[in-house]
Each structure stands twice: as C-alpha cells, then as structure tokens.
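Chains as they are written, first to last, in our numbering: chain A, -16 to 284; chain B, -16 to 284.
Hints are not guaranteed to be accurate.
Copies of the same chain are indistinguishable here, so a pair counts whether it falls within one copy or spans any two.
[Stated by the list, open to error] BS3-like mimics (lysine-lysine), calculated; alpha carbons at most 30 Å apart, straight line:
id	residue 1	residue 2
1	Lys15	Lys282
2	Lys15	Lys(-11)
3	Lys186	Lys115
4	Lys282	Lys94
5	Lys282	Lys93
6	Lys37	Lys186
7	Lys15	Lys(-9)
8	Lys282	Lys(-11)
9	Lys(-11)	Lys115
10	Lys50	Lys186
11	Lys37	Lys15
Worth flagging that the hints you see were computed from the coordinates, not collected in a lab.
Number of protein chains: 2
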Amino acid sequence: MSLPRKVKLVEVGPRDGLQNEPNAITVEQRVKLINMLGDAGFTTIEAGSFVSPKWVPRMAGSDEVLKNVDHSRGISYCVLTPNQRGYEDAVAASANEIAVFTAASETFSKKNTNCSIAEGLARFEPICADAKTRGIRIRGYISCVIDCPYEGEVLPSQVENVARALFDFGCDEISLGDTIGTGTPQRVEALLSCVGTSVPIEKLAVHFHDTYGQAVGNILRSLQLGVSIVDSAVAGLGGCPYAKGATGNVASEDVLYLLDGLGIASGISMEKLLDASEYISGVVGREPASNAARALLSKRH
Amino acid sequence: MSLPRKVKLVEVGPRDGLQNEPNAITVEQRVKLINMLGDAGFTTIEAGSFVSPKWVPRMAGSDEVLKNVDHSRGISYCVLTPNQRGYEDAVAASANEIAVFTAASETFSKKNTNCSIAEGLARFEPICADAKTRGIRIRGYISCVIDCPYEGEVLPSQVENVARALFDFGCDEISLGDTIGTGTPQRVEALLSCVGTSVPIEKLAVHFHDTYGQAVGNILRSLQLGVSIVDSAVAGLGGCPYAKGATGNVASEDVLYLLDGLGIASGISMEKLLDASEYISGVVGREPASNAARALLSKRH
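Work the whole structure out from these sequences, hints included.
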C-alpha cells in the first residue's frame, strides 16, 4: 500500500470546532486548549476567526487568543479572515497564517458568506496578494466539495475551478471540505483526481466530517492517493449551523490512531492529545466524539 | 481502485449484538428484528446461540427464535454451536447454518471458551464433519486476529494456523474477528496476505469492532484486497464482556453507506435497514451506535 511517510495534521478544533458551541468558552480556555495542542505536537492550529462577534460570538476575542498563545515553538496559528476588515485585524494581531474560504456550490456560498463564489474570490484576491508580500501563509478552504445541502451533488470540476483560482492567488494549501460528510472513497478519488490536475497533490488538504461514519475510510483513500495534509478536530468538536445534520469534524484522536497504525509520522503525541481532549470535553460538558479517545481515556480512569 | 462488485453482509446483531444486553429481549422481539433484517435483504443473519442459558441468558430460546423466523426466503440463519450438545440441539432445531468459534490467542481461548485452541479445534472437527454430511453450512469464527486483550499482539501466522485448520474441517467461510478493535489498515493487510496463503480470499470474512474508530477504514482496505464478506451489526449492537473497552460491532448502516457509495452491490435496502435499526434501538433504549443511522434517521423525524 503506497502511503506518504509524513502527514501534517491541521488541528481545527479551537476555531471550526468551537465556533458553534452553545455555551461561551473564555479566551483563557481557548488559549489553554491551543497550548495543550501545541504541547501535543501540532504545527498548525486554527486559533480563531477575525469576523464580527455579531455573526460568530464564540470567536470574539480572537486577537486576545492570538496574543496569549505560546509563540516560542514556531507553530502556525491560522485565523479565518472573511474580508478586508478581518484581514487587517489579523495583520494587526500579527497572525502568521490566515485562511480564506469559499464553497464549490453557489447556494452554499450565498447562504454561508452572503456572496457568490466569484464575488468571494474577488474579495480574497487582494487579501492573498497582500499576505504574500508580508510572508503570511495562506490556507484556502472550499466547502461542499462532495455534496451541497441545498444543491445536492457537486461535480469535481466545480471544485477544481475554485481550487485553481485559490492556488493562483498564492494559497499555500487548499483544504477540501466535505461539509455534510456524505463522501465515500470512490467519490473522494474522483475529486482528488480532478482537482489534482490543477493543484499539486502536496498542496491539497482533506477536511472530512464523520456524519455518516465515513471519515476514516475517506482519509485512508486520500492518503493512498498521496494527500499528506489532513484537517481534524480534537474530541471531534464542531459542526456546521448551515448544514442540517452535519455533525462534527473527524476527531484528531481517531486520525492519529490511524496514522500511528499505518506507521506514518505526524509528530503528535497521543497521550498529550488525550490530555487536550479530556480538558476540552470537560469544558464543553460532554464526552469526546471520538471512539479512540473514549476507548483510550477509559483505560486511564 | 480495485474492489469486489458484490459483497455479502453478514448481519450479526441478533446474536453477537444482543448477547450481552443488560436487559432481557424477548423471543418475539428477536424474531421481529430478524424478520425486519430479512426484509432489508440480508441473506445471512446470525439468529442465536445453542449455548447453556446459564452462560448466555440472552440467547435462551434460540430454538424458538429459529422456529419462528420467516423461512420462506432462503435466508441462512446462522447459530453458534459451542460444543456437541449445542450442535445436536441446533440440528434438532433444523438450523441451516452453524458457527464454530475459537481464537488466535491461547489466553483468550481459555478465558472465552475454557479450553486451549487445540482442544477447541478438536471439539469442532467432528461437528464440522457431521454438518458437512447434512448439508449444513459452517462459519468458522476466529477471535483476536489482531491483538489479544491479555497477550497483546497476535501474529498473522497464528491466525493462519487456526484458519487453515478450520478450512480443512470444511468451513464454508472463516470470519476474522478484530475483537478489541485495535486493527488499522496496514495490519489488516498483513493479516489478509498471510491468511490468504492458506485460505482462498473469497472464503474469508472480516469482522471489525469500531472501538477506536477504525472499522470503516479497515473494511475499505479489506475490500481493496479482495474480501467480499463483511460482518456487521444493525445499530452497532454488541460488545465483548471478556475484553475491556471493547465497544460494539461496526454498524451495518455505516458499512452499507460505504458499499452503496462505492457502487458495490449488497442487495440491502438502507431504508429497511433503518427501520430495523430504529426498532431495535427502541427495544434496547438507546440511540443507534451508528453515525449513518443517526444522520439518516434525523431526516425522517
């Protein structure tokens, strides 16, 4: 079985995971979680979002989060920048990595970002250009790369068009999001084959939700096809308020269990990841949405 | 991606799934579940166990179950026969498929069946010989094909030795059970490569538990390697009382979602499987341990 020797896990729990939590999480708790994830070995952690607190109250204080996390280890703390204003705030907060985002489906783009795909891309082009001059890394997110909750099936060629635009803007990596979790390995293969004709495979990240229990299978297939960047969230945090039935991101613990079992280096310590999982599960008041975490933590107690 | 065109799903929920339920399930409820699974299209359903009710009280009345399920559709109702006495009872109850079982680990064999692997095999040899003369199908189960909760790592060659013996006894298929769910795709590949040298791949079934969230990935890898028989349990029922932290079988709904997505024919109707899942979840009083079932059922209500 052909597999990458190393994989970068991008931890999205502190942003994508927590943004829809029903109860407030303090800046201190978010900082603590991020630092525990840094201790575990993640080199890229999504730390916040420079979006109006009116729209995403849980991400208020992202500048404070960014100021207080541990900067001694060279970790990339990625922050979402939905527009020019957010981008300027991120620059002012000394962000070293930003994320721009759009969708492969027009309806989802309009519902999620209140603009068409083309308008979103036009908004991000100058942001990316400026970020490049400042040496700020850029992630490009594309939602609904398999299916859209409003439009149904999304063709790989639709994703490819958006991915090529983001790549041309200078995105350092492009994360393909199966927002509603309906993907299965065959469709993931069709997607990666198509997008891979416009963007080098080493620039592609995969971002799966475990809504239908398929995330680990889809990640395995992605690894077999050469993908070496995988998004995941500690304790399986997350969900999407705009997509009915969309449960959380695939759990970092389940993905790490897979990678460890495959002998793929990630630099992440399972024990320290479990510490973070246990911590944030206590904060949000529920068990980790991760089979591996529940099984491994049950042995601790 | 090379995949089988057809897969036989073996539904183990009514036996492997229900045998450890804390509360009693009536014969009527078991019959109803089995018939709903037959309606969904399963051609092999584990229906009971001819073991002393002293040891497995939940399987009491398996003869009544077998008598009352729908026999008009040619479904194989597999029943566990742990010894000569159980086998004779199964024959008296007109069972058309039996299952014999041992482990690839000596300690697990002793704890689970109170005899060594060799003693267990010696017990099953005449049973298999007699079953062959009567035209009764035989499944051979091997537990702990990846790791043992007592001994740790189990070598593929240990599994191969046991599988070869069962195959030589005339077992029609041999189910490889990752009892504690620690397998990952690379080890599954090593296992199948090794066992496949002694038993034809089309005679091998895989039986995964989702304890660490790896079951769907392991099934995908097994399919890629030519396996075409997969064990699963509706609503992810089950667990093993002898293996700490062993959660249920992989859910039939998650596996069917995978197969449907891969375009692999199974003959199973997801809608009717969901009916069975909803029914038995009501009986046992908890949500299905299946992401696919929860997501799909949430759209029904």
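Status of each hint after checking the structure:
no.	hint	in the structure
1	Lys15 - Lys282	within (24 Å within a copy, 37 Å between copies)
2	Lys15 - Lys(-11)	within (27 Å within a copy, 50 Å between copies)
3	Lys186 - Lys115	within (16 Å within a copy, 57 Å between copies)
4	Lys282 - Lys94	between (44 Å within a copy, 20 Å between copies)
5	Lys282 - Lys93	between (46 Å within a copy, 23 Å between copies)
6	Lys37 - Lys186	neither (33 Å within a copy, 60 Å between copies)
7	Lys15 - Lys(-9)	within (22 Å within a copy, 48 Å between copies)
8	Lys282 - Lys(-11)	within (28 Å within a copy, 39 Å between copies)
9	Lys(-11) - Lys115	within (26 Å within a copy, 51 Å between copies)
10	Lys50 - Lys186	within (28 Å within a copy, 60 Å between copies)
11	Lys37 - Lys15	within (24 Å within a copy, 52 Å between copies)
Going down the numbered hints, you'll see the structure goes against just number 6.
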